[in-house]
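Below are the chains, spelled out letter by letter.
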Amino acid sequence: MEYKLLNRREFVRGAIAIGLSVVPVAAGAEILNYDADMPYRPLGTTGHHVSLLSMGGLVMVEPVYHYAIERGLNFVDTSPSYRGGMAIRQLGNVLQSKRAKVYVACKYHSYVPFEDNLRDLKTDYVDFIVFNHHDRESALRNDDREVFEKLKRAGKVRFAALMTHGDVKEVLASAIKSGMYSFVTPGLNQPGLEAYDEEVRAARQRGVGVVAMKALRGIEDSTLQLALLKKLAANPAITSVLTSIGSYELFDAYRKALQQPLAAAEDHELHAYAVENRAKNCMMCGRCQRACPRSVDISTVLRSHDYYYVQLRDPGRALETYRGLPVERLAGIDCGDCRRCEAVCPNGIPILERMKSARETFSRLA
Amino acid sequence: MHTWTLLIALATLAQAPPTSIPAEVEAKLRRLLPFTESTNDCPRFYSNDLYRYIDGGAQAFETYDMVAMVHCRHLDGEVETIVDIYDMGESLNAFGVYSSERAPDQHFLPIGAEANVTDSTLNFFEGQYYVKLSAFGETTGGAPNIESLAKVIELRIGAGKTMPAGLSLLPREGLTPHSEKYVKRAPLGHQFLRSAYMGSYGTSQVVLAEADNATQAKEWGELLAAHFRATGKVAPWPGLPGARRGWNDFEGEWIFLPRGRYTLILTSPPAHPEALLENLLRKLPQ
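Chains as they are written, first to last, in our numbering: chain A, 1 to 366; chain B, 1 to 286.
Just so you know, not all the hints are guaranteed correct.
[Claimed, not checked] Listed next, with one range per pair, are the computed distances between beta-carbon atoms:
id	chain 1	residue 1	chain 2	residue 2	range
1	B	Tyr53	A	Leu352	54 to 62 Å
2	B	Ala275	A	Pro261	26 to 34 Å
3	A	Asp221	B	Asn213	22 to 30 Å
[Claimed, not checked] Simulated crosslink set (DSBU-like; lysine-lysine; CA at most 35 Å straight-line):
id	chain 1	residue 1	chain 2	residue 2
4	A	Lys122	B	Lys218
5	A	Lys231	B	Lys184
6	B	Lys28	A	Lys256
7	B	Lys151	A	Lys101
8	B	Lys184	A	Lys122
9	B	Lys161	A	Lys101
10	B	Lys28	B	Lys161
11	A	Lys256	B	Lys233
12	B	Lys151	B	Lys184
13	A	Lys256	B	Lys181
14	A	Lys101	B	Lys181
15	B	Lys181	B	Lys28
16	A	Lys256	B	Lys218
Don't read these hints as lab results, they were simulated from the structure.
This structure is a prediction, so every number in the text was calculated from the model and none was measured.
Even for Gly, the Cβ is constructed at its ideal location relative to N, Cα and C.
Using the sequences provided together with the hints, build the complete structure.
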């Protein structure tokens, strides 16, 4: 491993470079593959520092990885499932000459022997085994520990991490509480930053790193993308931004953005963008529910219908969630049409119409 | 406060509604499925929400402008079969994503335009469709089961065994079989390049990036020269008029030149690349 011990000047530079009041890197810290133009942050309580920009997902171009690693990137992530197994093998090609410069995270899939991943990555061990939990039930069941301990004893992994994009709040809370994971990886776009702020801060307090993934999903405007990267960098609880980078230009642009302060106008634009997008859906702010004289659980009914049934096309889950509501919270679905819910909805959603649609759907499914 | 954040979180999950799939696209995908019964896991359709199914792997399909896909998980006793059919809109995109998941050392079968198989998986592309099948279970019998399903789907697609026409620009002599690729965006990691046919010739790789016109192809050549000037070295290559040799420490050595509306790139050139380049130039439209 190629570490560099930060001196006082580099420590101060690292702290002010991204305009933060919070010191991201401790003086005297040993940084793997240090580059003065790359910001680094401590990863939970592991004692290691990872680059604020990390690369994962699909390895499209091996030289781009070499380029990035030569410019201070020290954290890569992969999965045996990406591109039919080609991505992990391509990363293995890169690691042949770069293993000593990077921390490697690899997803765990029960159907792929972990030794196969190590073979494809051309390494004896990975630093992080990343488990996936996309629902509350699997998070609570949490049978990862046995797998992790076994691989750790065999020297094949060092730390465990968790990735989620379903039941995110519950999964994160459960993961952080478990004390098992060195970092968690939720999707953190602009609305996500607000929605999961509580969990992100809790992670930091508990010494769990937060690696933001899917941050740029849904933002097509490149200026806004860079603004969001700045916003993520300005959040001291974010350890690293994990993204798929297929070109030199993107790497340079992202690395630069992560070192620049977020302007107030950019933050405003990000917020406006998020609001605009939320308006296309129920914000689920709960105002309708609080206004309803019959305490109908409007949010859950709409979530079951609009999200699980319509968007995810998962009638089983939709019906299960719907049926999970106490009868008294459902009875009001035949409401008195007072429309108080619609009156308080900040987005002007035709709630009665949507509830009617939900009622028809669930009658049919039942 | 807790309720507020919980509800916002749910809103976040729901905030990116999938693009609605045109009825005829969905109907065609449904018809291609080799199973008749419907369950919760069959069929499921995805469009721009594919990441909900395959997480980060979705990006490869987005790069090739996937229109929609259908996922079907079928349980028959101890055997679980998964069929995923991607409608990529056009044949070149289907080949592009297929080729991005293919390696020359795999085992190939003449199903669709081309198929590759392992003990438990079979991937093929035909027309605008990329089809991935996998089977698990003690009594699966491995590939033959999914092979028969693949043949059913192949017949239903009925688009024939046509490979993309652009691949014919790559000289056959010395070409590593099954190494051809089509990269739609940022081939070789350069954002300004696009739409490239690629093939391996030993340790070298030929890349033909197709520009809109000759002027743009020349611009790409200049941008490549500027890139190598900034990151390493660049100099005229005496073997061909207009060709240049670039070198840096992360891409190694390249020879590149514009020709008509193509920018031709040879990475890690052999000691004597002249014959390969001449073969290539002969095939390029002037």
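Query - Unmet hints by their number, sorted upward, for this structure - result: 1, 2, 4, 6, 7 and 9
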